[in-house]
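Engineer: Take a look at the letters that make up each chain.
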Amino acid sequence: MRVFWILWKREVASAFQTPMAWVILFFLLLVTGFNFYAGVSVLNHGPTEVTVVESFFNTVFFWFSFLLLFPLLTMRLYSEEYRSGTIEPLMTAPVRDTQVVLAKFFGVLFLYAFLWMPTGLYFLIFWWQTHLSSAGAIGAFVGSYLLLLLMGMFYLSLGCFCSSLTRHQITAAVMTFAVIAFFFLTGLLSFLAGNVDTMMQGITITFSPIDQMTQFSRGIFDTRPVVWYLAMTGLCLFLNLQSFQARRWRS
Amino acid sequence: MIFVQGLTKSYGTTYAVRDLSFSVDRGEVVGFLGPNGAGKSTTMKILSGYLPADAGEVRIAGFDILSQSLKARSRIGYLPENVPLYPEMRVAEYLRYRGALKGVRSRRITEKVEDALELCSISHVRNQLIGTLSKGYRQRVGLADALVNEPDILILDEPTIGLDPGQIREVRELIKGLAKRHTILLSSHILSEVEMTCSRVLIINKGQIVATGTPAELRERSGIPCSGSIRMEIQTADRKIAEAVLTTLQSLKTIASASIIEGIQASSSASGWTRYEMIPVSSSSSGDPRPALFEEAVRRGWKLRELSAHETSLEEIFTSFIARIPATTATKEPAKP
Numbered sequence: 382m383r384v385f386w387i388l389w390k391r392e393v394a395s396a397f398q399t400p401m402a403w404v405i406l407f408f409l410l411l412v413t414g415f416n417f418y419a420g421v422s423v424l425n426h427g428p429t430e431v432t433v434v435e436s437f438f439n440t441v442f443f444w445f446s447f448l449l450l451f452p453l454l455t456m457r458l459y460s461e462e463y464r465s466g467t468i469e470p471l472m473t474a475p476v477r478d479t480q481v482v483l484a485k486f487f488g489v490l491f492l493y494a495f496l497w498m499p500t501g502l503y504f505l506i507f508w509w510q511t512h513l514s515s516a517g518a519i520g521a522f523v524g525s526y527l528l529l530l531l532m533g534m535f536y537l538s539l540g541c542f543c544s545s546l547t548r549h550q551i552t553a554a555v556m557t558f559a560v561i562a563f564f565f566l567t568g569l570l571s572f573l574a575g576n577v578d579t580m581m582q583g584i585t586i587t588f589s590p591i592d593q594m595t596q597f598s599r600g601i602f603d604t605r606p607v608v609w610y611l612a613m614t615g616l617c618l619f620l621n622l623q624s625f626q627a628r629r630w631r632s
Numbered sequence: 002m003i004f005v006q007g008l009t010k011s012y013g014t015t016y017a018v019r020d021l022s023f024s025v026d027r028g029e030v031v032g033f034l035g036p037n038g039a040g041k042s043t044t045m046k047i048l049s050g051y052l053p054a055d056a057g058e059v060r061i062a063g064f065d066i067l068s069q070s071l072k073a074r075s076r077i078g079y080l081p082e083n084v085p086l087y088p089e090m091r092v093a094e095y096l097r098y099r100g101a102l103k104g105v106r107s108r109r110i111t112e113k114v115e116d117a118l119e120l121c122s123i124s125h126v127r128n129q130l131i132g133t134l135s136k137g138y139r140q141r142v143g144l145a146d147a148l149v150n151e152p153d154i155l156i157l158d159e160p161t162i163g164l165d166p167g168q169i170r171e172v173r174e175l176i177k178g179l180a181k182r183h184t185i186l187l188s189s190h191i192l193s194e195v196e197m198t199c200s201r202v203l204i205i206n207k208g209q210i211v212a213t214g215t216p217a218e219l220r221e222r223s224g225i226p227c228s229g230s231i232r233m234e235i236q237t238a239d240r241k242i243a244e245a246v247l248t249t250l251q252s253l254k255t256i257a258s259a260s261i262i263e264g265i266q267a268s269s270s271a272s273g274w275t276r277y278e279m280i281p282v283s284s285s286s287s288g289d290p291r292p293a294l295f296e297e298a299v300r301r302g303w304k305l306r307e308l309s310a311h312e313t314s315l316e317e318i319f320t321s322f323i324a325r326i327p328a329t330t331a332t333k334e335p336a337k338p
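If you read the protein sequences in the order shown, they are chains A and B. Count along the first sequence from 1, add 381, and you get the number used in my numbering. Count along the second sequence from 1, add 1, and you get the number used in my numbering.
Just to be clear, a hint being listed does not mean it is correct.
[To be verified] Derived lysine-lysine pairs resembling BS3-like cross-links, with alpha carbons at most 30 Å apart:
1. K136(B) - K390(A)
2. K390(A) - K113(B)
3. K390(A) - K72(B)
4. K181(B) - K113(B)
[Unchecked claim] Simulated DEER-style distance windows between Cβ atoms:
5. W630(A) - S260(B): 57 to 63 Å
6. W630(A) - G28(B): 33 to 39 Å
7. G13(B) - L502(A): 55 to 61 Å
8. V523(A) - G13(B): 52 to 58 Å
9. G13(B) - A494(A): 40 to 46 Å
10. W630(A) - G7(B): 16 to 22 Å
11. G63(B) - A494(A): 40 to 46 Å
12. G13(B) - L616(A): 30 to 36 Å
13. T320(B) - W630(A): 35 to 41 Å
14. T9(B) - D478(A): 19 to 25 Å
15. F397(A) - T320(B): 51 to 57 Å
It should be emphasised that the hints constitute simulated quantities derived from the structure, not laboratory data. Virtual Cβ for every residue (Gly too), placed ideally from N, Cα, C.
All chains, full assembly: derive it from the sequences and hints.
Structural biologist: See below:
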């Protein structure tokens, strides 16, 4: 546990010591800020059916920045250590492979959570200015941010796994993006099926981030995505550990 | 402290290390010597626990490097080739991190980091970003990292590569100082360096040990005349006189044979210098013929420019050992069905 915290601290510190975290934070806030502004300004044109929270988490701007986030956050994690050779001093210190894998995952998860935290301010400002809640109920906030965290866990662990496969950051980023895009686009299946088939709905609610977010941002809680994301995170971390250990036998 | 038995490692069809066995005792400073690609780095990576071997056993302070990896690793300070470091960290911060990672108690960490900074004389760059340091400083940060938890064993892969002569001297002195408290295995392809710092030398070529022993022992076993030859340079007016001098030298009791080194003498010019090379009869210091040669020169009025004993360098010994291994042993034989 001691070793885990030491490694975790270095992961987090290194993200903030390089400009990367700050650049990503800047652009994320720029895009989501505009997104929030757009969501609020809709209210000026008369009554709408969706709350501010619902519209915030269901726009192209949100999904665009969301999808790009993962390859950017995870691509360097292992690839850079392989490429610069710092993996050698790291793994010749008395540390276990599991500790490294978990420290890197929770390090980047912390960074991810940190990046989304300021967006909560938007809703606070809205409440402070209008004395109105930006969602139908408190559950909508909890649901939205919980789903954000769950999706983040899966996609980040996937990114960690991809990064542990290669010494080239770009290769890792492309792989991560391709797999995430695949899951993301399964959501479009429901459009193709015309939204009538209940089995198709069952599939898309499990896989499609768009459908899940539509539900969760309304405050509707569904256990299927929760189980799905936790299980997939576990699977990806397991694969990550395997590929990380396999590097010894490859070289 | 280090025990290696039957170590084998291959990359594809080429052996990097083949059936390597040696051991290093407590307090020894052993130099691992070989040409580029001889398997030095591979061996050190295996010893440090970074790479697994295909076959063979490695024990570090009694712990198996595979089955008791953490215990073995915590006893090693390893300086990898090229010294990979995190460029975004500051020197002291990096050493604190490494110390903590290697199990130094948080109470003692400041003290240990200070010691390591002091020892490697990098205290003045403690707050500098590692990415901005020069090669020499990076090397010393790497060394400080290897030292920070005061491990029993230091494995240093090419500790002086890429340094300027002044820095090489400093690192050498540092290693000599460390030898009092640590067991050291260091690799190099610079012979003079190994000769200066190490109590024992392992010569490795194409993944196999070709010779081991102290520099003096190796000198003896290499088959090259032990104390080497004596060089003498005398001013001679012409070729005839030069040959007359040669005859005189050959007639001396302590000289087994003498010859003129061709190409160096300037026989045509009136005041040319002629260089002679002589093999003494005895190799012991009591039989050193140089005082007698000097007296002879004084007696005959020779003008002397050089009179030196040429000791066989480790370089010549090294070359003679390396040359004995045929080139074909490095590749695997094709597997028979």
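Engineer: If a hint holds in the structure, say so; if it does not, say that too.
Structural biologist: Against the structure, the hints come out as follows:
For the suggested pair K136(B) and K390(A), the alpha carbons sit about 27 Å apart, so the restraint of at most 30 Å is met. The straight-line distance between the Cα atoms of K390(A) and K113(B) is roughly 20 Å, inside the 30 Å bound, and the hint therefore holds. A C-alpha spacing of about 24 Å is found between K390(A) and K72(B), which places the hinted pair at or below 30 Å, so the restraint holds. For the hint linking K181(B) to K113(B), the alpha-carbon distance of about 18 Å falls within 30 Å, and the restraint holds.
The supplied range of 57 to 63 Å is met by W630(A) and S260(B), whose beta-carbon atoms lie about 59 Å from each other. Between W630(A) and G28(B) the C-beta distance comes to about 35 Å, which sits within the given range of 33 to 39 Å. At roughly 56 Å, the beta-carbon separation of G13(B) and L502(A) lies within the given 55 to 61 Å, and the hint holds. Between V523(A) and G13(B) the Cβ separation comes to about 55 Å, which falls inside the hinted range of 52 to 58 Å.
One distance hint, 40 to 46 Å for the beta-carbon pair G13(B) and A494(A), holds here, with the actual separation near 44 Å. Range check, W630(A) to G7(B): Cβ separation about 19 Å, and the 16 to 22 Å hint holds. A C-beta distance of roughly 45 Å is found between G63(B) and A494(A), which places it inside the suggested range of 40 to 46 Å. Separated by about 32 Å at the C-beta atoms, G13(B) and L616(A) satisfy the suggested range of 30 to 36 Å.
At roughly 36 Å, the beta carbons of T320(B) and W630(A) sit within the given window of 35 to 41 Å. For T9(B) paired with D478(A), a C-beta distance near 24 Å keeps the hint of 19 to 25 Å intact. Distance hint check for F397(A) and T320(B): the Cβ-Cβ separation is about 53 Å, which falls inside the suggested range of 51 to 57 Å.
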